[in-house]
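Student: Put together the whole structure using the sequences plus the hints.
Heads up: the sequence lines are chains F and D, in that order.
Under UniProt numbering, the first residue of the first sequence is numbered 1, with each subsequent residue one higher.
Under UniProt numbering, the first residue of the second sequence is numbered 1, with each subsequent residue one higher.
Misleading hints may appear alongside valid ones.
[As the list claims (entries may be wrong)] Negatives, chain F to chain D, calculated, CB over 12 Å:
no.: 1; residue: Ser73
no.: 2; residue: Gly129
no.: 3; residue: Tyr177
no.: 4; residue: Ser895
[Said to hold, decoys possible] Cut-off 25 Å, straight-line C-alpha distance, at most; resulting in silico cross-link-like pairs (PhoX-like, lysine-lysine):
no.: 5; chain 1: F; residue 1: Lys829; chain 2: F; residue 2: Lys765
no.: 6; chain 1: F; residue 1: Lys331; chain 2: F; residue 2: Lys274
no.: 7; chain 1: F; residue 1: Lys87; chain 2: F; residue 2: Lys48
no.: 8; chain 1: D; residue 1: Lys13; chain 2: F; residue 2: Lys29
no.: 9; chain 1: F; residue 1: Lys87; chain 2: D; residue 2: Lys13
no.: 10; chain 1: F; residue 1: Lys752; chain 2: F; residue 2: Lys829
no.: 11; chain 1: D; residue 1: Lys13; chain 2: F; residue 2: Lys34
no.: 12; chain 1: F; residue 1: Lys331; chain 2: F; residue 2: Lys318
no.: 13; chain 1: F; residue 1: Lys159; chain 2: D; residue 2: Lys13
no.: 14; chain 1: F; residue 1: Lys118; chain 2: D; residue 2: Lys13
no.: 15; chain 1: D; residue 1: Lys146; chain 2: F; residue 2: Lys87
no.: 16; chain 1: D; residue 1: Lys115; chain 2: F; residue 2: Lys159
no.: 17; chain 1: D; residue 1: Lys115; chain 2: F; residue 2: Lys16
no.: 18; chain 1: D; residue 1: Lys115; chain 2: F; residue 2: Lys44
no.: 19; chain 1: D; residue 1: Lys41; chain 2: F; residue 2: Lys16
no.: 20; chain 1: F; residue 1: Lys16; chain 2: D; residue 2: Lys99
Hints were generated in silico from the structure; no laboratory data involved.
Every residue gets a Cβ at the ideal spot worked out from N, C-alpha and C, and that includes glycine.
Single-letter residue listing:
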Amino acid sequence: MALKIVKGSIDRMFDKNLQDLVRGIRNHKEDEAKYISTCIDEIKQELKQDNIAVKANAVCKLTYLQMLGYDVSWAAFNIVEVMSSSKFTYKRIGYLAASQCFHESTDVIMLTTNQIRKDLSSPNQYDTGVALTGLSCFVTPDLARDLANDIMTLMSHTKPYIRKKAVLIMYKVFLKYPESLRPAFPRLKEKLEDPDPGVQSAAVNVICELARRNPKNYLSLAPLFFKLMTSSTNNWVLIKIIKLVSCFCVVKYLGLLAMSKILKTHPKSVQSHKDLILQCLDDKDESIRLRALDLLYGMVSKKNLMEIVKKLMLHVDKAEGTTYRDELLTKIIDICSQSNYQYITNFEWYISILVELTRLEGTRHGHLIASQMLDVAIRVKAIRIFAVAQMATLLDNAHLLTGNMQRNGICEVLYAAAWICGEFSEHLENPMQTLEAMLRPKVATLPGHIQAVYVQNAAKLFSTVLKSQEGSTEGTAAQETSQLMIDRLPLFVQSANLEVQERASCILQLVKYIQKLQQKEVEVAEEVSALFAGELNPVAPKAQKKVPVPEGLDLDAWINEPPSESESEDEQPKAIFAKEEPKHSRSRHTEVDEKELARRREARKQEQANNPFYIKASPSSQKVYQESPGVEHIPVVQIDLTVPLKVPGLPMSDQYLKLEEERRQKERADKKKKEKKKRKEKRSGRGRRHDSGPESEEDITPAHMVDIVTEEMPEMCLTLNHKVCDIQGNLQDGSQVVVSVIFENKCDSLLKSMEFNVLDSLNSKLQRPEGSGPHDGFTVPFQLPPGVSNEARLVFTVQSIVMPQKMKGTLTFIVKNEDSSIHEKLDFKLHFTCTSYLITTPCYSDAFAKLLESGDLKCSSVRLEEVNMPFHHLLARICFHHHFSVVERIDSCASMYSRSIQGHHVCLLVKTSGQTVSIDAKCDEPTLLGNVLDEIKQTFSQC
Amino acid sequence: MIRAILIFNNHGKPRLSKFYEHYTEDTEQQIIRETFHLVSKRDENVCNFLEGGMLIGGSDYKLIYRHYATLYFVFCVDSSESELGILDLIQVFVETLDKCFENVCELDLIFHVDKVHNILAEMVMGGMVLETNMNEIIMQVDAQNKMENTFLWELFIGIKPEIGSNFK
Chain F
1 MALKIVKGSI
11 DRMFDKNLQD
21 LVRGIRNHKE
31 DEAKYISTCI
41 DEIKQELKQD
51 NIAVKANAVC
61 KLTYLQMLGY
71 DVSWAAFNIV
81 EVMSSSKFTY
91 KRIGYLAASQ
101 CFHESTDVIM
111 LTTNQIRKDL
121 SSPNQYDTGV
131 ALTGLSCFVT
141 PDLARDLAND
151 IMTLMSHTKP
161 YIRKKAVLIM
171 YKVFLKYPES
181 LRPAFPRLKE
191 KLEDPDPGVQ
201 SAAVNVICEL
211 ARRNPKNYLS
221 LAPLFFKLMT
231 SSTNNWVLIK
241 IIKLVSCFCV
251 VKYLGLLAMS
261 KILKTHPKSV
271 QSHKDLILQC
281 LDDKDESIRL
291 RALDLLYGMV
301 SKKNLMEIVK
311 KLMLHVDKAE
321 GTTYRDELLT
331 KIIDICSQSN
341 YQYITNFEWY
351 ISILVELTRL
361 EGTRHGHLIA
371 SQMLDVAIRV
381 KAIRIFAVAQ
391 MATLLDNAHL
401 LTGNMQRNGI
411 CEVLYAAAWI
421 CGEFSEHLEN
431 PMQTLEAMLR
441 PKVATLPGHI
451 QAVYVQNAAK
461 LFSTVLKSQE
471 GSTEGTAAQE
481 TSQLMIDRLP
491 LFVQSANLEV
501 QERASCILQL
511 VKYIQKLQQK
521 EVEVAEEVSA
531 LFAGELNPVA
541 PKAQKKVPVP
551 EGLDLDAWIN
561 EPPSESESED
571 EQPKAIFAKE
581 EPKHSRSRHT
591 EVDEKELARR
601 REARKQEQAN
611 NPFYIKASPS
621 SQKVYQESPG
631 VEHIPVVQID
641 LTVPLKVPGL
651 PMSDQYLKLE
661 EERRQKERAD
671 KKKKEKKKRK
681 EKRSGRGRRH
691 DSGPESEEDI
701 TPAHMVDIVT
711 EEMPEMCLTL
721 NHKVCDIQGN
731 LQDGSQVVVS
741 VIFENKCDSL
751 LKSMEFNVLD
761 SLNSKLQRPE
771 GSGPHDGFTV
781 PFQLPPGVSN
791 EARLVFTVQS
801 IVMPQKMKGT
811 LTFIVKNEDS
821 SIHEKLDFKL
831 HFTCTSYLIT
841 TPCYSDAFAK
851 LLESGDLKCS
861 SVRLEEVNMP
871 FHHLLARICF
881 HHHFSVVERI
891 DSCASMYSRS
901 IQGHHVCLLV
911 KTSGQTVSID
921 AKCDEPTLLG
931 NVLDEIKQTF
941 SQC
Chain D
1 MIRAILIFNN
11 HGKPRLSKFY
21 EHYTEDTEQQ
31 IIRETFHLVS
41 KRDENVCNFL
51 EGGMLIGGSD
61 YKLIYRHYAT
71 LYFVFCVDSS
81 ESELGILDLI
91 QVFVETLDKC
101 FENVCELDLI
111 FHVDKVHNIL
121 AEMVMGGMVL
131 ETNMNEIIMQ
141 VDAQNKMENT
151 FLWELFIGIK
161 PEIGSNFK
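Tutor: Given below as structure tokens:
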């Protein structure tokens with residue numbers, strides 16, 4: 001072919017072209033490196049020539065060698081020369097070489113800016129194209145900044161070929177020079193609707209890359225993308241858009257949300273996407289994970305429950321945030337327990353899951369796990385042996401659960417474990433071991449209500465152990481067991497928790513008695529186990545309805561004649577149930593004559609006297625589960641109708657509320673019950689507080705107090721740290737004292753609505769804001785999150801300062817927990833010492849001498865014995881604590897001066913000899929002086 | 001984004017390497033060797049996607065490759081690229097080469113790597129896909145070659161080029 005001949009003749013112009021080089025390398029397989037190094041020498045020679053064609057050929061060969069791993073950066077300048085050639089053929093070679101070996105640290109790049117700009121604006125579109133292609137590979141922040149405008153102009157070029165390249169390179173420019181994004185973005189968005197599909201595709205490409213970095217910002221483009229998706233025929237664009245849409249997490253979220261809606265009507269169609277939904281649990285967006293969890297709840301079936309829970313358990317292990325982990329935990333339990341454990345086929349598995357969940361540290365849902373354990377162990381009889389074994393292991397390893405006791409909600413699980421082991425102790429393999437585990441001293445650090453269960457169930461275990469030990473020939477073993485109980489129980493008798501204390505002391509006495517019997521070699525096991533005989537049966541919440549009404553009992557009939565109106569007057573006023581009282585019943589039986597009523601009243605009073613609580617001890621109100629299981633022993637059946645009212649449990653009484661006759665009796669009964677309940681609540685209330693931890697008394701060591709004695713620190717979450725910090729000088733009517741009080745919150749809850757109030761005395765008054773009465777408090781202008789302290793300043797008006805003052809006060813505040821808020825108060829005393837009215841005032845020795853000579857001052861003195869400190873320390877102490885300044889010091893003698901806020905002069909002469917210090921003092925107010933000296937004496941008696 | 005495009009033969013000899021990020025020449029050679037090692041030991045009937053090259057990328061990056069006769073075409077891409085999309089792109093690339101070189105074989109790539117680069121530049125620019133339409137690519141490549149040939153002819157005034165002549 002003619003062209004070939006021509007090309008051949010051109011080739012001959014050069015020493016060696018690319019093809020020759022490749023051929024040469026292939027022919028020198030043995031000494032390739034040597035051959036190439038001679039070629040590089042030739043290339044270096046060629047680059048020195050002026051002929052651009054020779055240079056371009058050399059650069060072309062270098063590009064090939066670069067691919068083989070040879071560093072050609074030394075030729076960077078020659079590459080720039082070739083790039084600048086006006087001939088497209090050479091320019092292309094130059095730009096290719098540059099794109100292969102230039103990078104940000106190539107210094108000659110600086111020289112290319114103008115050349116590239118020239119090429120970008122070249123009338124030949126391929127010059128521009130080649131420049132854009134090259135630039136896309138080696139663009140630097142400088143180039144990006146300098147050329148951003150030129151490229152932006154090219155985005156609107158008439159040739160689509162240029163437009164698409166310009167659009168695409170904008171992404172690189174954004175990367176290197178982010179400031180360009182804002183001005184360029186509208187034009188980029190415009191290009192999404194470019195008539196040319198290539199330009200469109202480039203714009204989609206760029207926006208996809210941008211959106212990948214920050215999807216949210218590009219969400220607004222979603223409708224545009226949707227339009228493109230439906231209209232575009234370019235597969236590449238479609239793929240990109242779909243990729244992009246998956247970046248928008250919102251879409252995922254909406255998808256899951258939609259699925260949960262579909263689930264309600266078409267569960268099957270959602271279930272087929274189980275794996276996809278499980279995948280969403282891995283999403284980094286928490287809201288998506290939570291949505292997916294919600295979906296899973298509705299998706300479980302008998303078949304897939306275990307699988308799903310297994311996956312969830314994996315996530316529990318991986319989960320980082322405790323909130324999400326707790327959410328997972330509750331979901332697992334929700335999923336398993338939904339519709340009465342409908343989907344659980346294997347309860348051993350479920351128990352194991354629950355036990356596994358106990359290994360979570362710091363979860364708040366210990367009680368949830370515990371209630372599940374109890375529920376399953378009680379209701380699924382077949383599982384008990386397994387459950388008991390698992391629970392025994394838990395108890396044995398209790399120390400693992402309770403590592404960080406107070407914060408750890410998981411110790412609630414021990415409540416369930418102890419109860420299950422005790423109640424079903426007959427299934428225990430080694431009851432003795434479990435008994436020992438339950439009586440470990442460390443148990444005393446558990447929350448009170450758990451300890452109480454421990455004690456109670458230790459007794460149950462004890463009876464089981466006795467039974468097995470007495471059965472065997474070994475008689476001493478049983479006695480040893482009793483001894484163990486007697487040794488360990490006193491720990492619980494000392495408990496601060498009343499419930500624990502009560503149970504422990506009862507059981508301790510019982511065991512002691514048993515031991516006595518044992519020593520007489522009486523067999524006691526049978527009788528002891530009778531204490532806990534029978535089985536607790538679960539009672540459904542609606543069981544009451546299923547109890548048939550016994551024959552002959554008409555619940556709607558009057559048991560007694562309803563009372564007349566007059567009767568209610570001499571009874572106690574209706575307190576609580578007055579509203580529920582059906583009004584019509586009152587007037588119905590007014591015909592009953594007065595005599596009859598009086599007689600009845602008398603009889604009833606008799607009855608009441610004999611029966612102070614109105615709840616007569618009946619077999620039913622004792623331990624219910626001592627009898628054989630079955631509905632018959634549910635209390636309602638055993639009501640003896642001759643007795644006015646026997647209410648074994650509170651809910652039962654509702655039925656009888658309508659009966660007017662019993663209303664008033666009940667009122668009283670309820671009152672008493674209420675009192676009981678209140679007491680109980682108090683107890684449980686305290687238990688709660690123990691749970692929340694940090695309020696136990698040891699924790700509230702009031703921080704270093706300077707001037708204020710805090711009286712009676714109850715179980716309290718707040719420390720007051722107050723100090724009279726500033727005293728302002730004379731005012732016209734009396735003096736003002738500014739007290740700064742530091743409030744420090746040492747508990748785990750938010751404290752708010754703090755109100756600081758003191759009982760004003762005649763002498764000292766709290767300055768209250770204008771318009772508030774003399775008993776209103778000072779509202780502390782801040783809230784205290786846990787662990788935070790803050791300072792409030794209070795101003796007091798003090799009439800006389802010669803005496804120390806004590807003011808009683810109360811701080812009321814609200815403790816805000818997650819679900820509740822409790823009003824609390826803290827009593828304190830503010831102690832204004834006389835010292836606190838003194839202001840350190842310097843005084844010159846001559847003025848001091850004049851003051852002493854004036855004769856206006858009264859004298860007083862005090863001696864301090866056994867002061868073991870250097871004299872200058874002693875002086876420093878007086879200065880610091882009592883606001884004096886040293887006027888003059890000569891050897892072991894010093895004169896000191898201070899002034900009160902009302903202008904009293906206080907002069908001291910301090911002398912020391914050995915361990916005795918004598919202080920002679922003069923002041924124009926003897927009472928003040930006496931008090932100041934007393935206070936100084938106290939300071940030194942404390943050290 | 002595409003991080004790199006590599007073409008090498010069954011023995012691991014590079015026929016084209018295009019890195020859209022800067023590496024030193026040594027690292028580039030190492031990447032080529034490692035990629036060859038990863039790709040060549042895979043069976044013909046396994047999938048065309050591969051994760052976990054040590055030198056390029058990390059977990060976010062994938063190798064997507066196709067094996068044609070004696071040559072491997074390997075694209076190293078991040079997760080913003082669709083695997084199937086890239087496979088399709090490789091196919092377009094190879095078909096374009098086939099059109100431009102008339103039954104392309106390894107030798108064409110060996111002796112005309114600069115021309116392969118020019119074709120690739122019309123498809124992928126700075127690591128981003130520029131054009132997937134083969135006709136458009138060929139049209140632009142031809143137009144530029146024509147310019148080049150016109151210039152060559154200008155050197156020998158009086159002789160006119162055949163329109164649409166190919167490279168050989």
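Student: None of the hints should be skipped; say for each whether it holds.
Tutor: Hint check:
1. For F/Ser73, the condition that its CB be more than 12 Å from all CB atoms of chain D is violated, with the nearest at approximately 9 Å.
2. Not every CB of chain D lies more than 12 Å from the CB of F/Gly129, the least distance being 8 Å, so the non-interface label is violated.
3. No Cβ of chain D approaches the Cβ of F/Tyr177 within 12 Å, the least distance being about 14 Å, so the stated non-interface status holds.
4. No beta-carbon of chain D is positioned within 12 Å of the beta-carbon of F/Ser895; the least distance is around 80 Å.
5. A distance of roughly 14 Å separates the Cα atoms of F/Lys829 and F/Lys765; the hinted pair therefore holds under the 25 Å criterion.
6. Distance hint between F/Lys331 and F/Lys274 is fulfilled; the C-alpha atoms sit about 16 Å from each other, no more than 25 Å.
7. With a C-alpha separation of about 19 Å, the suggested pair F/Lys87 and F/Lys48 falls inside the 25 Å cut-off, and the hint holds.
8. Between the alpha carbons of D/Lys13 and F/Lys29 the distance comes to roughly 13 Å, so the proposed pair stays at or under 25 Å and holds.
9. For the proposed pair F/Lys87 and D/Lys13, the alpha carbon gap of about 33 Å is over 25 Å, so the pair is violated.
10. Of the supplied pair hints, the one linking F/Lys752 and F/Lys829 holds, its CA atoms being roughly 21 Å apart against a limit of 25 Å.
11. A hinted pair counts as satisfied when its Cα atoms are at most 25 Å apart, and D/Lys13 with F/Lys34 qualifies at roughly 18 Å.
12. Distance hint between F/Lys331 and F/Lys318 is fulfilled; the C-alpha atoms sit about 16 Å from each other, no more than 25 Å.
13. A threshold of 25 Å between alpha carbons decides the hint, and for F/Lys159 with D/Lys13 the separation of about 39 Å lies outside it, so the pair is violated.
14. Proximity of F/Lys118 to D/Lys13 is assessed by CA-CA distance (about 38 Å); at most 25 Å being required, the pair is judged violated.
15. At most 25 Å may separate the alpha-carbon atoms for a hinted pair to count; D/Lys146 and F/Lys87 meet this at roughly 13 Å.
16. Note on D/Lys115 and F/Lys159: the hinted pairing holds, with a Cα-Cα distance of about 24 Å set against a maximum of 25 Å.
17. Note on D/Lys115 and F/Lys16: the hinted pairing holds, with a Cα-Cα distance of about 18 Å set against a maximum of 25 Å.
18. Among the hinted pairs, D/Lys115 with F/Lys44 is consistent with the structure: their alpha-carbon atoms are about 23 Å apart, no more than 25 Å.
19. At most 25 Å may separate the alpha-carbon atoms for a hinted pair to count; D/Lys41 and F/Lys16 exceed this at roughly 38 Å.
20. Our distance criterion of 25 Å between C-alpha atoms is broken by F/Lys16 and D/Lys99, whose separation comes to about 28 Å.
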